[in-house]
Each structure stands twice: as structure tokens, then as C-alpha cells.
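K.L.:
Residue-level listing of the chains:
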Amino acid sequence: MSYPLELKDVVKRFGGLTATNHMSFNVENGESLGLIGPNGAGKTTIFSLIMGEHRQTAGEILCNGEDISALPTYARIGRGVCRTYQIPRPFAEMDVLENIRLGLMPNSIWQMLTRNPDRYKEIELALSVGFSENDLNRHPAELSMGDLRKLELARTLATDPSIMLLDEVFAGLTAGEIAQIADLINKKREAGMTLIIVSHDLRSLEPLIDRAIAMNHGSIVAEGSFAKVMADPDVRASYLGGE
Amino acid sequence: MGIRWQHIALWIAFIVVMLALPEFVSKGTLRTIIFANFLAIFAISWDVLSGRTGYISFGHPFLIGIGAYTSAILSYRFGFPVAASIPLAVVATMIGGTLFFLPALRIRGSYFALVTLAFMELMYQLVQVIRPDLTGGTRGMSGIETITRGAVNNYYLSFSLMVIIALAMWLVMKTRLGTALSAIGMNEESVRGSGLDTTKLKLAAFMIAAFIAGLGGAFYVHYLGSIAPRALFDINFLFTIIVAALIGGASTIIGPMIGAFFLTFLLEYLRPVLPGAERYFIYGGIALILYMYQPKGIYEVAKQGWGRLRAVRAGAGP
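Top to bottom, those sequences are chains A and B. The opening residue of the first sequence carries number 1 in the working numbering; numbering runs sequentially from there. The opening residue of the second sequence carries number 1 in the working numbering; numbering runs sequentially from there.
No wet-lab data here; the hints were simulated from the structure. Errors might be hidden in some of the hints.
One side only, chain A facing chain B, incomplete, derived with CB under 7 angstroms [claimed, not checked]:
1. 92
2. 93
3. 113
DSS-like, lysine-lysine: derived pairs with alpha carbons at most 30 angstroms apart [stated by the list, open to error]:
4. B:200 / B:174
5. B:27 / A:121
6. A:228 / A:8
7. A:8 / A:188
8. B:174 / A:121
9. A:188 / A:228
Quantities reported herein were computed from a predicted structural model and do not represent experimental measurements. Even for Gly, the Cβ is constructed at its ideal location relative to N, Cα and C.
Go ahead and model the full structure; you've got the sequences and the hints to work with.
P.N.:
This is the structure we're talking about:
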């Protein structure tokens, strides 16, 4: 059986540091997986490896059974995998709609030249993540952290993904903004999107995931339901710093 | 694509005024404008690459030089008609542009700028040493076939070339390709994260820039009728191109044109007062003040002024 995403014995070393140490896991179709662990556990590295921003030292990354290890980032996105970043990365001199336009662009210079942007779709995406009509022509400098996260979600959703990797989506947000983003994630979940969510905000994360993987020092410490993972003595030790 | 009738009207007005110009100004002024036209072409080429994608080229004379030397050698040494030597020169420049592109696969920012500067220096040295029987060595070549004679004809030729390139680039940059290239300048990782192949996009920018630089370089050498490595692979020439694009307004089409005309006339009018190299001091000072006041250039200053004027007229002014 093939999974939407599967990591097989993946290793990543940065010089002497092993950021990912023989990690193997998978997600099932429509599943929401939480990836938790202390700072420096290697959660973001996993995302970078899946997206091809870094190449693994060893092991395989499979997408629907196909080994995507050698593919460049844009080809992986073309296969329906995408991610958001801990620190949003908008295009500073473009407004909300233009930012989303980038995500909607076909990866073909000819089509970029000959076809006009789909303004209707841009607006639809912007509104779907919770922007109001007044926000559409705002520039990133005028947006709050919550709005920047929404913008990043919209641009990422524009690539028409089936698997989303969300990195610290709640960091730096107000309680109200967290509720908005959580609501959005839940909607995507109900629509059948496969998700992997990294978050330090465990309370906000819990209702959004079906299963959790706790990691530390690049390895899996515990795996299972959120309650089971949190009850694990090793997980508690890694968070609290005890032995 | 966001083209409004006002844009078209402005283009038409601009072209009409420029076409009527030889009736009203002296031949000396026309010759100044001819240089401004060529400078505008080079500045547009620089801007397509550096103004948009943020890959700052310090070696643009390398590309212009390939275009100029190829066409000059083909017509002067081998008797090619200009109609054949110019297209071949453009092709050669695009091949040179591929070479120029290779460092951009791995480096950016000041590193990329330095590598391209090295390209220009290398070309400067090679032209003098390798096959001087073809390139004319240090002294270059003179007596190269010119396309047309006289200030008026050359003015029309250079203006037509400039306006066709400017219009074509304006249309191209209005499409999503223009948006994507500008996005690379803002955040290349995010462009990649939007599912786009940035290597392909950058290659497109380099090829367009090389095409324009090659075309401009080839026409320029057949206007001058001579070529010398000292004049072409010159740091002052390079900076004039960059400053024209920046001072006028990078990442626009009209900006490099405004900048090229502004700089050319500034240097020309300073000439009677300050005949020596001091005028570069004044020109540097003015460029610096303008750039500090508005980094987006003269175009942005004019746009804001226009906006304020309209607001005042509408009674909504402060």
C-alpha cells in the first residue's frame, strides 16, 4: 500500500550534526499528523527534506509510492506537497492578491506570457482564508502576524496541494488569530486534506490532529494518540529537560 | 494585464513628440539624444535582469561588448552585411548570456556582482590579447560600416529601436512573467515555494537581457563606426548604465528611460561649466541625493507629485 507521504530511514547530517537520525514514518490519506518536540529536535528539517530544500544524506522520501528524493522543490509542489514557514515569507512589494497570484501561476513561461491571471480565483482564495475585501490591496507591511500567516496559507493553497506541511502556524498570534487559523485548518481537514503540523502550542494543536509523533535529537521518541504521546516519560523528559 | 487607455495615450504622445523633435532642436542636441537612446536600451536590459530579479550585474558591458564586437568583426573583417551581422551578434550575445547565467545558479548578491565584474574585466583583457588581427587589439577598429548617415537619420533609427524595445518589454513585464521575475527579486525561496522553477525564470531574464544588450551593442557599434576596448569595458560606462536604471526607477520600463535621458543631459549641460572629470563628481552627488530622497527613483517622485497635484485639484489636498 502506498501512502500520500512516506519517509523511509531518512538521515540528514549537517557536517557533524545529525539533524535527522534514521527517521521512518508515514501519513495516511486525509490524516492529520502532529509533529512535536523541543527546539532543535529536527522538526523543521523534516519539512525541508520533504520539500527538497535540503537533500537527505540517506533514505527515501516517497509520495504516493513514487520516490521524490531527486526531484526539485517545484516538481514536488507539482505533485501536491507544499509547506508554510515558521516566519512568513511574503513578497514585500506586492499586495495580497499579487502574493496569491504567485501561487496560482503555472510553471510555464509561455502560459505566464499568454494567459491573464485569474482574478476571480485570487479573490476567492483571499476570502477563503479570512481576508476581508478591504485587505485585498494591502501590502505585507500593513498586515498583522495573523494576516501574514493567512496570506502564506492562501499562497500555499493556491498551488492546489493535497498534503500541507504547516510549520509553527500559531507562533506569534493572538488568541483570536489562533482560533481563526485553527478553524481554517479544520475546514481543510474536513475537506480531506492530508496535514502534518508542527507546533509548540500543544493546547491548540491537540484538537487538530489524529495522531502525534514526538521527536528529539532527530529521532522519534514516541508515536500514537496525542494523549498517549504526552504521557510518555521520554517525551516529558525531553520537554522538561529531565533525565 | 492592467493596461489602461491612459498608458496607451501616454505612449502615443511620447512617440509623437519624439518623432517631431528633429524639427525643433539642433543637430548637437539630437546627437546627445542618440546617446541617451542607446543608454536607455542598455539600462532597460540591465533592469530586466538586475532591477527585477535582484541579481545585480556589474558586468553588463560584457554582454554589450559581445554584441558590438561580433557585429563589428563580422562586417568589418568578413564583409558580412549589417542585416546579417546584427542578428548573428544577438545570437552570440545570448550564448554569452548563458555563460553569464551560470554563476547565478549558485550565488547571488554581492558575490554575483563581483563575478560578473570579473567577466567584464576578463573580456577587456582577452579582447586585447586574443586574435588582435580580428578585434583590433588595444586600438580597436574604426571605419566600421554605419547603417545610416547624419544626426537626423541616426536619431530616428536609435529612437525607433529604443521605443520598440521599451514597448515590447513593457508588455512582457505586464504579464505574469514580469510579476514572477519581480518576485524573485523580493524573495526567491518563496517563488520556489509557490511551485515555480526559479532556474527557468532566471534563465529567461538573462536571455531577455542578453538579447536587448546584444541588439543595442550591435546597433551602437554601427552608429559609432568604431570600437575600442577602453571605451566599452569601462567602469564609468558600467556605472552610467546602473545609475540610469536606479535613478530613473528600477523595476519599471519608463524609469531606466527617464534615468538615461536625465543623466545624458545632465552630463552634457555640465560640460561647458566643468569640462573635466569634476562633472562626474556633481553627477554622483545629484544621483546620491536623489537616491537617498527616493530610492524608487525619479519616476516615483513624479508619480507622487502627480498624485498630490490631482488631490489638490480635487479639493482633497492638505
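K.L.:
It remains to establish, for every hint, whether it holds in the given structure.
P.N.:
Comparing the hints with the structure gives:
{"no.": "1", "hint": "92", "in the structure": "holds, 5 angstroms"}
{"no.": "2", "hint": "93", "in the structure": "holds, 6 angstroms"}
{"no.": "3", "hint": "113", "in the structure": "holds, 5 angstroms"}
{"no.": "4", "hint": "B:200 / B:174", "in the structure": "holds, 19 angstroms"}
{"no.": "5", "hint": "B:27 / A:121", "in the structure": "violated, 54 angstroms"}
{"no.": "6", "hint": "A:228 / A:8", "in the structure": "holds, 24 angstroms"}
{"no.": "7", "hint": "A:8 / A:188", "in the structure": "holds, 27 angstroms"}
{"no.": "8", "hint": "B:174 / A:121", "in the structure": "holds, 19 angstroms"}
{"no.": "9", "hint": "A:188 / A:228", "in the structure": "holds, 25 angstroms"}
Hint compliance for this structure: hint 5 is the single one not met.
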